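K.L.:
Just so you know, the protein sequences line up as chains Y, F and E, in that order. Going by the numbering used here, the letters in the first sequence line up with residues 1 to 99, in that order. Going by the numbering used here, the letters in the second sequence line up with residues 1 to 764, in that order. Going by the numbering used here, the letters in the third sequence line up with residues 1 to 168, in that order.
Each hint should be verified, as a subset may be incorrect.
If we take Cβ atoms under 7 Å as the criterion, some of the chain F residues that face chain Y in the derived model are [said to hold, decoys possible]:
| # | residue |
| --- | --- |
| 1 | Q60 |
| 2 | T739 |
| 3 | G740 |
| 4 | R741 |
| 5 | A747 |
| 6 | F750 |
| 7 | G752 |
Rough simulated footprint, nothing fancy, chain F against chain Y, three-plus residues with beta-carbon under 8 Å [to be verified]:
| # | region |
| --- | --- |
| 8 | 13 to 22 |
| 9 | 86 to 97 |
What the hints contain is simulated information worked out from the structure, not anything from laboratory work. If you're wondering where the values come from, they're calculated on a predicted model, not measured in any experiment. Every residue, glycine too, gets a C-beta built ideally from N, C-alpha and C.
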Amino acid sequence: MLLNQFLFLAAALFCIGVYGVLARRNGVMVLMSVELILNAVNINLVAFGAYRHDITGQVFALFVIAVAAAEVGVGLALVLMLYRNRRSIDIDDVDLMKG
Amino acid sequence: MNQPFMLTHVWIVPGLMVVSFLLILFFGKRFSERVTSGIGIFFIGVCFVLSCTAAVNWIQRINHPVANASAAQALITQPDGRPAPIAGQSDADAVIGAYRGPAEAAADNAVKAESTATTEATTTESTATEGATSTGEGAATSESTSAEHEAKASPIVSRWTWFQWGDVTFEFGFIADGLSVLMLFTVATISLLVHIYSKEYLHGDVRFTHYYAFLSLFSAAMLFFVTSSNTIQMLTGWELVGVCSFALIGHWWEDKNNSDAALKAFLTNRVGDVGLIIGVVITFFAAGATSFNVLHINQYALSPGANQTLLLVGALCLFAGVTSKSGQFPLHTWLPDAMAGPTPVSALIHAATMVVAGVYLIARLYSVFYEGLNIGDNWINYVAVIGGITIVGGALLAFVQTDIKKVLAYSTISQLGYMVMALGVGAWTGAIFHLFTHAFFKACLFLGAGSVSHAAHHTFDMRKMGGLRKYMPATFWTFVLGTIALMGIFPFAGFWSKDEVLAGSLSGQRHAYTFMLVLGLVGAVMTCLYMSRVIYLTFFGEYRGHGTPHESPKVMTIPLWILGIGAVVLGLVNLPNAWKVGNLDYTTRFEHYIEPTFAFPVINHAEFNWILAGATTVLAAIALFLAYQYFWKARSVFLGLKDRVGALAWGYKVLENKYYLDHLYTDIIVGGVKGPIARGSYWFNTSVIDRVVNTAGTASVAAGRVLYTQVDQKVVDGLVVATGTGASESGEALRHIQTGRVQQYAALMFAGVAILAIILVIFV
Amino acid sequence: MLAELMVAENIAFYLIAGLMVFAALRVVTTRNIVHAALYLVLVLAGVAALYILLAAEFIAITQVLVYIGAIVVLFLFGIMLTRAPMGPMHDSDNEQRAVGAAIAVVLLGIMGFTLFRAFRDVQFDDLQVQTTNQVATSVFSTYLLPFEILSVVLLAALIGAIVLARRD
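All chains should be built: construct the whole structure from the sequences, respecting the hints.
P.N.:
In structure tokens:
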């Protein structure tokens with residue numbers, strides 16, 4: 001297998017995730033897109049770890065997973081707060097900082 | 001005996017008159033007429049005595065030249081200490097080269113000059129007294145054609161350095177030599193007599209004190225002028241006598257004619273003074289721009305390297321001043337009008353002393369004139385021509401006057417013409433001698449006219465006089481004596497002086513000044529004629545006035561007699577050498593003592609020409625005869641000639657209008673300036689200059705306005721406002737980027753990252 | 001044998017990759033939020049399969065357990081608590097769709113270009129299984145500090161989530 005295969009795949013997932021972050025209206029969906037991005041990064045890490053016979057790739061991926069979990073938890077808490085205060089999770093409505 | 005006190009302290013003489021002036025000025029009002037006039041007479045009397053002393057001292061100095069090589073520091077010394085040679089030797093280089101100018105004068109306060117020049121080494125002492133009967137100097141008696149001079153003493157100069165500026169020294173000094181001593185004597189004498197005369201003439205006058213104050217001031221100024229050692233001082237004295245003349249002519253200024261006459265005198269003199277000042281400056285610069293000293297200037301003029309053109313220009317400029325002050329044609333117009341002043345003033349100022357200031361100036365700076373105009377080698381020059389014209393012009397005008405003082409004024413003008421002409425043809429001694437004799441007989445005539453008017457109820461109109469011979473014998477006889485002297489009849493004073501002048505024009509220099517001679521002769525003839533007219537109209541015939549005339553008091557007649565006697569005998573002081581009899585040294589005494597030898601050109605002295613003397617006597621006799629026929633006998637072909645011949649009538653009219661000179665000056669020149677030129681200047685000032693200024697002003701205002709509205713408001717303010725507006729508008733525009741939406745920020749961020757990535761990947 | 005293995009792995013890879021990409025696309029394009037979550041599950045499962053392919057067994061299992069088992073459940077709870085509509089939503093995308101798509105494409109392009117240039121034909125050598133033992137050893141020796149910090153992070157996230165979401 002080519003290394004590039006995995007890397008291309010990771011790049012594709014990453015870009016799809018970027019699209020999702022930018023284009024989705026719902027906050028939860030944005031978080032899902034962020035998960036896509038993180039997973040793409042993970043694939044990258046593990047692929048390189050396997051290529052280079054270095055366990056560090058996996059270890060790092062483990063850490064990313066843990067951090068992702070934490071982040072999702074806090075993120076959803078934020079979304080919940082948003083919903084409680086505004087009765088909607090359309091993040092386009094959160095524009096109080098409008099200039 | 002070396003340095004007589006009166007000669008080294010000659011400044012005392014004008015100084016005394018200054019004291020007199022100040023006394024009368026400050027205290028005169030409190031005193032009576034007697035005391036005021038007494039102060040004046042006293043001081044001028046003292047001055048007279050001191051002048052006589054000075055004259056005696058000078059004569060003794062001439063008679064006893066001290067042969068002393070190691071004398072006190074000389075004005076002119078050569079580097080090796082020898083005394084400088086006499087002027088006239090070819091060694092002029094040594095003289096000029098040794099002149100160290102003011103540098104050596106700075107050491108001492110007063111440098112006295114004692115040059116002991118002896119060429120023939122006549123060291124024989126002689127007990128010289130006034131009148132010169134010494135024998136020791138006979139060896140050096142001058143011949144008329146020889147260029148040698150007798151051994152004479154140099155002038156005594158006492159001077160103080162006023163201030164020094166670089167090379168230039170401004171000094172304050174007095175010179176005592178033959179010429180100045182003579183002038184001192186003349187001025188003092190005439191002034192004394194006038195002081196005495198005025199006491200009676202102006203008795204009861206409204207401004208008696210004022211008159212005597214100015215008389216003293218005038219005397220002081222004139223004495224100061226004739227003893228000045230440098231041209232700046234001479235200028236001061238010149239102007240001062242002009243001021244006194246103005247004040248005294250306008251003494252009775254309540255009558256506008258008098259004040260007009262005073263103004264005319266002053267302003268006409270002013271016109272000439274411009275030339276005088278320029279001349280002083282030119283001679284200063286010509287002589288090396290170090291000193292105004294007259295001896296220095298004269299020495300320069302005689303040096304071989306002198307700039308002749310510069311000397312000529314300087315001489316002509318100086319002569320402009322002489323033209324106005326000494327009544328030469330064409331600036332003589334003020335003199336007849338000046339007769340508006342009191343008669344003693346006319347006698348003193350406008351006959352004997354002030355008007356001869358110009359003649360004195362030329363005589364003092366004679367080297368400048370001699371070298372500048374090249375008198376020795378020409379047969380005509382400007383000074384002589386003007387003098388000649390003045391002789392005839394003045395004489396002609398004397399014929400048509402009805403005012404006796406005006407006749408005498410024109411006569412004065414004519415005689416001044418003689419003096420100037422004499423200087424112009426190189427007869428220096430003749431001119432000065434004529435000045436001397438003229439002072440006496442003209443003053444005598446004027447005072448006589450004053451006496452006459454005193455009797456004829458203060459009129460000077462000869463038509464209202466007549467037959468006064470019977471009433472005023474003293475006045476008549478002194479007047480006749482003065483007239484005969486003026487006409488130049490042998491053996492009166494005028495004969496000798498006038499004859500010397502005419503001889504000088506004939507045979508003085510290399511070429512004969514024939515034209516001048518002719519003019520002089522014509523003038524002499526006319527003098528006889530018009531003076532006869534005066535005598536006839538005044539003293540003969542029937543009295544045409546009102547009242548009964550009477551003789552004047554002794555206070556007035558005694559001066560007349562003194563002057564009259566002087567007019568008779570004074571000619572004898574300068575008998576020509578042709579009249580020498582035996583071994584006695586009595587001829588040409590005047591010339592012997594008065595003519596300078598130091599810094600003086602070598603001039604020829606004409607000998608006594610028997611033919612010329614005879615011719616003048618014959619002409620005078622013919623003129624007198626014609627006059628006698630015309631006036632006394634009323635039987636002449638000339639009677640009524642002007643009515644018959646049209647040309648003569650026209651000539652008479654021209655004379656009556658004084659050659660229309662007054663018309664020229666007042667109406668054409670002054671009127672031209674007052675009228676068109678003044679108007680033109682005013683127009684130019686308002687239309688052109690003011691317009692320029694106003695335009696500059698309005699242009700500035702307009703420019704300011706433009707600057708304000710266009711530049712300041714629009715551009716500068718616009719720039720400033722635009723900056724602010726730009727900032728706010730750009731902010732307004734950029735504000736919309738900040739939507740508050742996180743996703744938009746994220747989009748921008750990712751876009752930036754993408755672009756950055758592209759750049760990094762492709763280009764780096 | 002090796003070639004066969006290679007062929008099989010490649011086929012497996014391409015199948016899984018295709019599935020993943022399709023699922024990811026559906027995550028970001030579907031209107032139904034629950035469907036999006038379920039598609040996310042597919043993506044995560046595919047990732048786990050890839051890990052197996054790469055002989056990273058521990059990570060694969062962890063992926064399944066943590067991501068699919070916990071995080072997706074968390075998502076579903078979040079969807080429930082925020083009263084997301086069960087059916088399709090009308091406005092699930094905002095106005096930035098075009099911009100976002102453009103950016104994504106550009107990024108993909110640049111990354112692909114870079115990868116192609118960098119790792120053109122780099123192949124995996126024989127893949128050795130990296131055991132759990134190795135992972136544990138690495139975590140608790142070399143990377144002990146990050147591990148501890150990670151636990152603190154998790155604690156912080158826990159506390160933070162509770163604090164944020166509590167009602168008071």
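K.L.:
Does each hint fit the structure? Answer for all of them.
P.N.:
Results of checking the hints against the structure:
1. Q60: violated (123 Å)
2. T739: holds (6 Å)
3. G740: holds (3 Å)
4. R741: holds (5 Å)
5. A747: holds (5 Å)
6. F750: At 6 Å from the nearest chain Y Cβ, F:F750 passes the 7 Å test, so the hint holds.
7. G752: Where the cut-off is 7 Å and the nearest Cβ of chain Y is about 13 Å from F:G752, the hint is violated.
8. 13 to 22: holds (count 3)
9. 86 to 97: With 6 residues close enough to chain F, the hint holds.
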